[in-house]
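**Q** All you need for the working numbering is the position in the sequence shown, starting with 1, plus 1299.
Derived from the structure by calculation, the hints contain no laboratory data. This one's a predicted model, so the numbers in the text were calculated from it and none came from an experiment. Be aware that one or more of the hints could be misleading.
What the hints assert, rightly or not - Distance windows between CB atoms, simulated: (1) 1436 x 1310: 44 to 50 Å; (2) 1371 x 1309: 23 to 29 Å; (3) 1386 x 1420: 17 to 23 Å; (4) 1372 x 1393: 19 to 25 Å.
Every residue gets a Cβ at the ideal spot worked out from N, C-alpha and C, and that includes glycine.
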Amino acid sequence: MPELYSFCCSAYNQPSVLFFGQYTVQPQEGSQQGDPTGPLLFCNTVHPLLSSLHSNLNIGYLDDVTLGGHLDVVASDVAEITRIGAEMGLSLNISKCELMAHSNLQLNDSLLQSFSRVDIADATLLGAPLFHGPVLDSTWNQSR
1300 MPELYSFCCS AYNQPSVLFF GQYTVQPQEG SQQGDPTGPL LFCNTVHPLL SSLHSNLNIG
1360 YLDDVTLGGH LDVVASDVAE ITRIGAEMGL SLNISKCELM AHSNLQLNDS LLQSFSRVDI
1420 ADATLLGAPL FHGPVLDSTW NQSR
């Protein structure tokens, strides 16, 4: 986005100085919490990676990514996110990664095996139920 280059260069070219009481901190990398350009710059950085993936379902919302499709393709895409992300200084937080699938799905991929399992009937995306089941029923009852 060439229109924003001059602004970003002037804002991030030199470390800013943050004051906390008698202490000063000089952040050395990236935008800080609450910086309105942070999400834009992050999304602009990861967009080429997400666009290169092959899963049938590929949704990114800031740092949350949802993939869906054939197991082998999703596993390959997760491996690609891990590989390319490491080159960008990003890593998956495995404790927040979920695999939504039927309980009888057999996994051979060690990375996907490390994700927490969520049965289809309990699956949500950004808080919205995805399928018929107890989560849909309780969400419906709460909204009435």
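**Q** It remains to establish, for every hint, whether it holds in the given structure.
**A** Results for each hint:
1. 1436 x 1310: 44 to 50 Å: holds, 48 Å
2. 1371 x 1309: 23 to 29 Å: Check failed, 46 Å falls outside 23 to 29 Å.
3. 1386 x 1420: 17 to 23 Å: 38 Å Cβ-Cβ, so the 17 to 23 Å window is violated.
4. 1372 x 1393: 19 to 25 Å: Once the Cβ atoms are compared, 20 Å apart, the range 19 to 25 Å for residue 1393 and residue 1372 holds.
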